[in-house]
Structure formats: structure tokens, C-alpha cells
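Here are the chains, one letter per residue:
2 protein chains.
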Amino acid sequence: MRNGDQVLNQVLAVASARGLRDLRIAASSLFPVHAPLVDHIRNGVVTRICTAYMSGPVADAVSRGLLPTPVVMQTHGGRARAIEAGELQIDVAFVGAPAADRCGNISGAEGRAACGPLGYAMVDAQYARRVVAVTDHIGDYPLVPIDISQEQVDFVVLVDSIGDPAGILSGSTRPTTDPVSLQIAETAAKVIAASGLLVDGFSFQTGAGGISLAVSQYVQTAMRERKVQGSFGAGGVTGYLVDMLEEGLFRSLFDVQCFDLRAVESYRRDSRHQAMSASLYANPHNRGAIADQLDAMLLGAAEVDLDFNVNVTTGSSGRILGGSGGHADTAAGAKLALVATRLVSGGGPKIVESVGCITTPGESIDAVVTELGVAVHAERVELRDRLLRYGLNVLDISVMRSKAIALAQEVRATPEQGRRIVGVMEYRDGRVIDVIREVSHAR
Amino acid sequence: MRNGDQVLNQVLAVASARGLRDLRIAASSLFPVHAPLVDHIRNGVVTRICTAYMSGPVADAVSRGLLPTPVVMQTHGGRARAIEAGELQIDVAFVGAPAADRCGNISGAEGRAACGPLGYAMVDAQYARRVVAVTDHIGDYPLVPIDISQEQVDFVVLVDSIGDPAGILSGSTRPTTDPVSLQIAETAAKVIAASGLLVDGFSFQTGAGGISLAVSQYVQTAMRERKVQGSFGAGGVTGYLVDMLEEGLFRSLFDVQCFDLRAVESYRRDSRHQAMSASLYANPHNRGAIADQLDAMLLGAAEVDLDFNVNVTTGSSGRILGGSGGHADTAAGAKLALVATRLVSGGGPKIVESVGCITTPGESIDAVVTELGVAVHAERVELRDRLLRYGLNVLDISVMRSKAIALAQEVRATPEQGRRIVGVMEYRDGRVIDVIREVSHAR
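As given, the protein sequences belong to chains A and C, one line each in that order.
91 is the number that UniProt numbering gives to position 91 of the first sequence; each next residue is one higher, with no gaps.
114 is the number that UniProt numbering gives to position 114 of the second sequence; each next residue is one higher, with no gaps.
Since no wrong hints were added, every one of them can be taken at face value.
If you anchor each label on the Cβ, the simulated ranges turn out as follows:
1) V92(A) / D200(C): 31 to 41 Å
2) V199(C) / N43(A): 47 to 57 Å
3) E87(C) / R102(A): 28 to 38 Å
4) V92(A) / D385(C): 42 to 52 Å
These are calculated hints, taken from the structure and not from any lab test.
The C-beta atom is built at its ideal place from N, Cα and C for all residues, glycine as well.
With the sequences and hints as input, model every part of the structure.
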């Protein structure tokens with residue numbers, strides 16, 4: 001439930017009051033709203049965390065070394081894999097349920113906090129030793145259509161509120177209107193158009209950032225002009241993908257969680273708008289994840305380095321401010337994994353010598369698009385040729401790096417870090433591919 | 001796919017040709033169409049069978065002792081439970097898929113052999129070591145809505161035909177028009193009306209037999225008159241339940257498999273018509289099966305005895321001619337488990353001293369309805385009082401027994417049986433509650 005979630009805080013408040021200590025939290029993500037968790041860490045209530053994304057006070061506290069053990073940063077698919085493999089054993093899953101009935105059938109499409117498919121919770125509900133539906137809306141039995149069914153749910157708990165809809169759905173996300181970002185988006189769409197993938201059966205995913213949404217709109221136009229019918233759009237679904245479904249540009253949507261109310265509404269009434277669990281979405285060890293069927297994936301970046309490694313986990317200060325989510329999963333799965341980013345941000349260069357933390361290995365990234373043009377991974381020779389024939393400005397990533405330095409107001413020094421490891425980066429298959437070190441308390 | 005299935009025969013033909021021997025078959029049911037299995041038993045290709053229902057040549061052969069090991073007769077819910085518990089390990093699940101795509105997404109709603117939800121196969125697909133989708137219809141990727149998803153499917157095999165739609169769907173099932181059966185149906189409906197359960201939220205399941213369908217129609221009328229809105233109808237769904245959904249008499253349907261094309265069509269387009277796996281349907285060891293939420297369940301019987309035990313597994317000859325399916329599951333789960341049957345059939349009494357084989361223990365049965373009236377289980381005192389107040393003819397089951405004998409053209413002797421056990425009756429929780437013995441070859 002992202003930054004609107006009130007379930008985690010309520011559960012931990014009770015756990016703390018009951019004197020529970022040494023708990024391990026395996027939330028799919030942690031947001032600024034989860035600030036009370038900092039005190040629970042300080043008091044020894046929580047001693048271990050694994051998650052696919054963290055930002056806000058908890059991320060800051062972990063970066064400063066408050067948690068006695070390293071946080072395990074997973075991918076969405078890797079988290080599902082770990083749960084299914086038994087590596088990550090969930091003792092109790094507390095599932096924020098926008099609506100539930102007396103037997104534990106859960107729907108994400110109804111209730112005050114309706115948020116669409118409960119893709120991340122589906123895996124927990126299937127594998128956890130005990131499953132508790134926490135809801136603020138009890139509907140008549142049976143609540144259909146069902147997202148998580150009564151056969152998986154042990155308890156239903158009614159609370160005043162499970163969350164703030166304004167924080168659950170990002171809602172106000174709009175395509176960028178900034179000219180430089182629009183130029184980047186247009187170039188990214190041209191890369192897709194030139195890739196040879198934009199034919200009938202095309203499949204596509206983007207994040208919900210401003211550049212991503214602008215790319216969607218350029219791709220929408222291109223599909224319309226070429227009379228291409230795509231097979232599916234996937235994601236974190238926004239109203240922009242819904243528009244493309246309804247226009248017939250995609251035959252279906254796979255949705256692990258909705259990003260806005262228009263997506264929730266579409267999920268509620270359109271059977272082509274299909275829920276997917278985090279496992280179906282991105283688990284590399286099941287018998288075929290949707291992410292592995294993607295043609296084009298549009299990715300963001302906090303930093304990209306000369307080896308095309310991408311960091312969306314830590315900032316230039318070395319502090320944790322995000323995490324993979326599905327970044328590494330979709331990059332690995334998609335035929336065309338495209339990073340779209342400005343050269344500089346907040347005064348600092350985003351193309352760097354070597355990323356502070358590897359979220360997604362460069363081997364998964366096909367090309368990086370900036371306002372300067374497109375840098376293609378050295379092994380993607382055929383793609384490079386296609387882009388050149390299409391007339392795109394293809395350049396070396398080191399040229400982007402130089403330009404980024406030139407544009408930057410300051411070239412930051414490598415952040416001061418302690419030796420202590422405060423986080424491990426777990427790739428989707430369970431390998432540790434990097435670590436995160438403590439940042440100094442002063443920073 | 002019932003008596004239209006061609007997948008089992010095709011798979012075993014290949015297995016036999018490749019020289020495989022000593023196989024164990026865990027089909028959800030076996031029908032006359034599966035006659036070739038008899039030769040596979042004779043040749044040692046198949047040495048063990050477990051199933052929830054068997055009729056036709058295979059059942060005859062097993063009854064005569066052809067199989068070297070006793071057949072394990074399960075319930076639908078018990079089969080799901082055994083698979084989930086790891087008692088019944090499925091090495092390879094061959095799933096008859098009316099439609100599939102290249103990645104293994106399966107839909108029961110499309111294709112030439114469209115049959116609706118694949119409730120029984122869902123459990124196998126989730127737990128089998130390998131899952132093979134066998135289909136005669138490959139659709140564009142992705143095939144949505146999905147019944148069994150690509151994350152569970154290892155292989156997709158295209159064959160000329162997976163089955164005969166005429167045998168897959170019973171299709172021509174109609175409510176009885178026979179006056180005696182109609183009278184029984186009317187009485188059964190009155191029992192439901194008198195039970196106190198026919199109020200808002202009412203839930204209901206019947207089989208697809210002629211008496212059952214006639215009861216549905218009487219119940220439909222009663223719900224209309226009382227302005228009752230039921231919560232759900234369940235089953236094996238027929239067009240008659242669909243009518244009640246569409247009339248607003250039920251808010252939803254839970255469907256493990258469709259019995260006719262009208263039900264398939266409803267499943268395809270109405271999100272209130274919800275698929276349920278065999279586990280959600282009837283597994284007693286999950287966290288809440290639908291069968292356990294039933295108000296009224298209408299059951300058939302080959303024999304009922306003085307202890308209310310019901311046999312739907314063997315005939316008066318002692319030969320296997322059916323099986324529990326969901327009989328024992330729904331009888332145990334429903335608040336009102338009602339057996340509706342004529343006193344005699346084929347010249348013999350159906351109310352007997354002691355059933356030849358216990359499919360459903362009498363403790364699960366609340367009342368038996370025949371053309372004579374209603375016999376109520378001794379422990380259901382409150383129900384008995386309600387029926388008497390309602391003016392129904394309540395009588396002792398021994399009176400029904402006497403009348404059945406009087407009506408019967410012949411009172412059959414206990415069938416001649418050998419000592420050898422050819423089948424064990426496994427209750428839904430895994431207990432063996434009865435055995436089936438060999439019938440003489442002469443019979």
C-alpha cells in the first residue's frame with residue numbers, strides 16, 4: 001500500500017506493546033509512512049529487514065547503521081522466489097485488505113482503500129504459515145471477484161483504517177512537460193520504434209515516472225500509426241496503459257499493483273485487465289514469468305555507470321533511497337531494457353564512473369537514453385546498427401559521462417562510508433551482487 | 001473432461017508404446033470413454049489408481065479384481081487435500097486444456113472443447129512436479145482471462161483433439177418430468193423452505209440429476225416469492241444456477257466445473273461466476289472451503305441405510321459404478337445435507353438395511369426425502385420439529401425401508417463377493433472408512 005499503508009505500523013505497535021522482540025520484517029516495500037519502525041528498530045522489536053524498496057526515515061536509519069543486521073534488498077521477483085523456495089519463511093503475513101468477507105476472501109477492487117490487484121501479497125498469502133487479513137471494509141459473503149481466497153486466510157481483523165488512499169495510489173502522476181525530459185522520452189520511443197520489436201504482439205512496461213509516462217504516449221502514437229496490436233502491457237499499471245488497452249493497442253494488461261484510480265476502475269470491470277502475483281510477474285525460478293516475456297522495458301536510474309550498471313537503491317550520498325522493485329527483474333527479462341535518464345540531477349552527474357551500488361547489472365541493460373542521444377551496450381551490436389540506420393544519435397557511454405561532468409555543478413566525491421555493511425543486494429536469483437555500507441552519522 | 005476426455009487415453013497409449021510399466025493413475029474421475037485403460041491394467045502399464053469417481057469398463061475391471069492393488073476412492077476435497085499434504089505426489093500432470101498459449105497459460109472458456117473452470121486440474125497444476133498442458137487450440141499470447149497460469153506449466157503439447165464436447169458437457173440434462181420424482185423434488189424444496197435457512201444469504205448446491213434440477217426450480221420459485229437474495233450457488237454449475245444468478249437470486253456462483261454450455265458462456269462473461277479449485281471447493285484441511293459454507297446441499301444416492309449412510313460408489317451387485325465426487329465433502333460441510341431419492345430403482349429397494357459401501361457417513365446426512373415423505377436423522381431434533389410444524393410428512397427411515405421392500409419387485413440378496421479387497425474408501429480427511437470387495441467374475 002506504499003506511502004498510504006497503515007497496517008505495518010499498527011501491527012508493530014501491537015507487537016511492541018506485547019513485548020515481542022527480535023522480529024524480522026519482510027515487507028515488500030517500506031515508505032516514509034513507516035517512520036515508526038525506526039523506534040521499533042531502536043528498541044530491539046525489529047532486528048532484521050528484507051524488502052524490495054525502502055525510502056524515508058527507515059532507509060535513513062538503516063543507512064546510518066541502526067539495524068543490527070544488514071537489510072536484505074531483494075527484487076520483486078526475487079522476493080517471490082525466496083518465499084516459494086523456502087529461503088524466506090513468512091511466519092505471519094498481515095495482508096492489508098481493501099475489502100474482505102467473514103471467511104477471508106479478499107478483494108483489492110472494493111472498499112475505501114481500493115488499490116487493485118494485491119500482486120505482492122498473493123505470494124505471502126499462499127506460503128505464509130498464518131495469514132491475517134487486516135481490513136477496514138467487511139463486505140457480504142462471498143466477496144467476488146476474489147483476489148486472495150478464503151482457503152489461504154486464517155484470520156480477518158477489522159480496523160478503523162488500513163491506509164490513506166492518497167498515499168496508496170500515486171494518483172497525480174503525469175507525463176513530464178519539461179522540454180529536456182520530453183526530448184529524452186521521444187528518443188526512447190524512437191529506440192523502441194527502431195528496435196524491430198514494435199510489431200503485432202509487442203509487449204511493454206514502464207514505471208510511473210514522468211519520463212516513462214511520456215514514453216508511453218509516444219509509443220501509443222507509434223502503435224496507432226503503424227496499426228500495431230500489442231499483446232500486453234504490464235506493470236504497476238497506470239491509466240495510460242488502460243487507455244492503450246481500451247483503444248485496442250494492447251489485447252491485455254498484467255497488473256501486479258495499480259498506480260492510479262483509473263487503473264483500479266479498469267481492473268474492476270475489464271477481464272482483459274488481469275491480476276498477476278509477484279511470482280507470475282517476475283520470479284525467475286517458476287515456469288515462466290511475465291517479465292521474461294517483455295519486449296520493451298523502460299527503466300529509470302539514480303546512477304548509470306560505464307559498464308551500464310544501474311543504481312536505483314542508493315543516492316549520491318550513499319544513503320538508501322529506493323531499491324530494485326521490479327527493476328532488475330524486468331531488465332533481465334525484457335528483450336529491450338532501456339534506461340531513460342537526464343545527464344544530471346540535483347546538480348550532480350547521473351552517468352558515473354562506477355555506481356555506488358549495483359541494483360541491476362549492466363549485462364541486463366541494452367541502452368541508455370539521455371538528452372544527448374543513445375548509448376548502446378557493447379554486446380548489442382545489432383541494436384546499435386538498427387539505431388544508426390534509424391538516424392538516432394548513438395554515442396559511447398563515456399561521452400555521456402564526460403558531458404554529464406561538464407554539465408554538473410559539482411562532481412561529488414565518493415561518499416564517505418564506513419566499512420560496516422548495512423545492506424546486501426540480493427539479485428533475483430538469490431545471489432548477493434553488491435553490498436551497501438554505513439554512511440557517516442554527520443551526513 | 002468426463003466422458004468426452006481423450007487426453008488420458010492418448011497419454012497412456014504413448015506411455016505404453018514407450019514401454020513404461022507400473023504407472024499410478026491419479027485421475028480426478030474415470031468414465032466409460034477410458035475403456036482402453038483396461039488393457040493397460042492387463043498389460044502392467046498401470047498398476048495403481050486413485051480417483052474420486054469411476055464408471056464403465058474400468059470400474060467393472062477393477063470390481064472384478066483386474067488391478068493388482070486396491071483402487072483408492074477419494075472425494076474431490078480429499079484428493080485436493082492429499083495432493084497439498086504431499087500424500088499424493090503427482091509426478092506429471094497432463095492437463096486437458098481447451099485453449100492454451102505458447103507459454104502455457106490455460107483457459108477453459110475458449111476453444112472447441114471449452115468446458116469452463118478447470119477446478120480439478122488447478123490443484124494438480126499447482127503441486128505436480130511437471131505440468132503438461134495438452135491442447136487442441138493454441139491462442140495468441142497471452143490468453144486472458146487465465147484459468148491456470150504459465151508460471152505453473154512446463155510444457156504445451158498440441159494434439160488433434162483433447163475431447164468430444166458432447167461428452168465433456170452433459171448438455172442435455174433436464175429437470176425430471178416424472179410425477180413421482182417431481183413429488184420428491186417438491187418435498188425436498190419444502191424441507192429447505194422449512195429449515196430456516198432460506199433467508200438472505202442462502203447458499204445452495206445440487207448435482208445435475210433430474211431430481212436435483214427440479215429441486216432447484218422449486219427453490220428458485222420459493223426464493224422469488226420470499227424475496228430472498230442468496231449469497232452463492234455452487235457446484236458443478238448448470239444453466240439453471242446461471243438463471244438464478246442472472247435473476248439476482250444469488251449474488252455469485254462458485255464453479256469447479258461446468259455441466260452445460262450455458263454455464264460455460266456465463267463463466268466466460270460474468271465476473272460474479274467465479275472459478276474455484278477443488279481445494280477451495282472442498283479440501284477440509286485448507287483455511288476454509290466453500291463446501292463448508294453451504295446452507296443446503298441436495299444429494300443423490302444409490303443406496304441409503306437405516307443409519308443414513310449413503311452409497312454412491314457401488315451398485316446393488318457390489319460393482320463399482322460411481323464414487324463420491326463431492327458427495328461426502330458437501331454433505332459434511334452443508335448445514336442441511338439432504339438426500340433425495342426414490343424408494344426403489346430398477347426393481348430393487350434403495351433404502352437398505354446397511355449400504356454395501358459407505359461413501360458418505362450417515363452422521364453427515366440430515367434428512368432423506370422419498371416419495372413417502374422425509375426421514376430425519378435422529379440427532380437433528382430441531383430440524384425434525386421445524387418440518388413437523390411446516391406440515392411435512394416426517395417418518396422413520398425404517399418405515400421407508402419397509403415400504404421400499406414392499407414396493408420392490410425383488411429384494412436382492414447381499415451380492416456375492418470374494419474376500420479380496422479391490423478398493424478402499426478414503427474419506428475427505430484421509431481416513432479409510434470402508435472397503436470394496438471383489439465381485440465374482442460370473443456376475
